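Asks: First to last, the protein sequences are chains A and B. Numbering that gives the first Met the number 0 applies: residue 0 is where the first sequence begins, and numbers increase by one. Numbering that gives the first Met the number 0 applies: residue 0 is where the second sequence begins, and numbers increase by one.
Hint data in this document are derived by calculation from the structure and do not stem from the laboratory. Because the structure is a prediction, the values reported are computed rather than measured. One thing to keep in mind: the hints can contain errors.
Identical copies carry no separate label here, and so any pair may be met within one copy or between two of them.
[Stated by the list, open to error] With a straight-line cut-off of 27 Å between C-alpha atoms, the simulated DSS-like cross-links for lysine-lysine are:
hint, residue 1, residue 2
1, K101, K23
2, K23, K168
3, K101, K168
Protein chains: 2
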Amino acid sequence: MELPSRLMEVAVDQMASLPGIGRKTALRLVLHLLKREEDRVASFAQSFIDLRAGVRPCPTCANLTEAEQCSICADPNRDARTVCVVEDLRDLLAIEQLGLFKGRYHVLGGVISPMDGVGPADLAIESLVARFADAAWVAGTDDGLPVEVIFALPTTMEGETTAFYLYKKLAPLGVRVTAIARGIAVGDDLQHADEATLAQSLNQRLPYST
Amino acid sequence: MELPSRLMEVAVDQMASLPGIGRKTALRLVLHLLKREEDRVASFAQSFIDLRAGVRPCPTCANLTEAEQCSICADPNRDARTVCVVEDLRDLLAIEQLGLFKGRYHVLGGVISPMDGVGPADLAIESLVARFADAAWVAGTDDGLPVEVIFALPTTMEGETTAFYLYKKLAPLGVRVTAIARGIAVGDDLQHADEATLAQSLNQRLPYST
């Protein structure tokens with residue numbers, strides 16, 4: 000489909016470079032932008048330039064921040080001894096929205112996926128391991144509790160591979176490693192659950208409590 | 000969902016201001032942009048600023064162009080006496096892609112829709128009527144053929160309303176008005192067609208030709 004202007008071609012190409020946006024959708028969005036006032040298009044564009052210039056990963060946990068440290072790492076009320084490892088910022092946000100978890104995070108920025116060319120070096124793994132370099136602190140001998148790392152990773156092959164890789168790195172440091180429970184989702188029927196989920200929920204059964 | 004940075008909030012709001020992009024998708028796209036090199040984000044943003052500054056509607060037909068006139072209106076080989084009226088640039092592009100139509104276009108920029116607050120004044124209707132102000136030219140008395148306007152508008156209530164409104168404006172000017180055929184799509188079964196389409200295809204039957 001030949002567009003009537005080169006500037007439109009460029010804008011559609013740029014829009015279609017976003018993941019999940021095809022050329023038809025890109026054209027629809029570009030036509031929408033053309034109907035806007037010039038200053039609204041300028042603020043639209045500027046927001047992404049400002050974003051890229053101003054937002055960076057937290058050096059400790061790779062959560063995003065505009066400051067030297069992310070708001071969670073900078074919060075003394077968040078338990079530094081409990082670190083929840085997530086694939087992606089969106090997973091962090093989903094857990095934060097619960098308002099339940101009082102520990103800190105580590106955002107890997109992906110999972111190990113040889114098929115997609117993502118290896119351990121592409122993820123924030125070195126910085127995760129570095130957080131547990133102090134053996135006395137990990138063991139809690141300086142009067143705290145021992146350190147716990149919670150894997151909140153996807154249940155895919157890639158997620159499992161990543162969890163295994165991290166476990167091999169963390170266990171020798173004396174870190175207690177846990178993983179979020181897999182099982183039948185609240186409100187779901189047993190008969191509609193897939194076999195792997197049902198098997199895990201049975202294998203990982205807990206003492207019944209009321 | 001509270002984002003970890005104000006710049007991210009702004010960028011996600013801007014992305015989610017595009018039609019059909021929800022906040023979850025917007026966040027996904029913004030996280031993608033954050034992974035890009037700074038100069039790639041800058042060209043992404045700049046493309047929309049350049050687009051808005053450089054692309055304007057053709058004063059004759061409201062097709063988009065960077066020049067004084069769109070490439071179709073400026074092409075002396077395109078028949079000025081046959082004008083195809085479309086809702087949207089994308090409809091123009093779909094017809095152009097056929098490589099079949101040798102006339103010109105008129106892009107309304109929408110259809111009359113009182114529910115959405117779109118009235119005739121919001122569409123390029125005045126400029127359409129103005130194209131047929133010269134009665135001698137319309138009648139073809141200066142040795143050409145008479146003028147034809149083809150409605151290629153959507154088959155919705157709004158499309159039909161718009162066609163009727165335009166017809167009332169154009170018929171008194173002596174313009175011959177036609178509309179693209181409605182009927183069973185090529186390759187479709189009769190039994191799966193909706194009743195309205197089947198009825199129209201029967202009512203508008205044509206002499207059989209081989």
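Asks: Each of the hints needs a verdict: does it hold here or not?
Replies: Each hint tested on the structure:
1. Taking the shortest alpha-carbon separations for K101 and K23, only the inter-copy value of 24 Å comes in at or below 27 Å, while the best intra-copy value is 44 Å.
2. Within a single copy, K23 and K168 get their C-alpha atoms no closer than 46 Å, and across copies no closer than 33 Å, so neither meets the 27 Å cut-off.
3. For the identical chains of this complex, K101 and K168 are intra-copy neighbours only, at 24 Å inside a copy versus 68 Å across copies, given an alpha-carbon limit of 27 Å.
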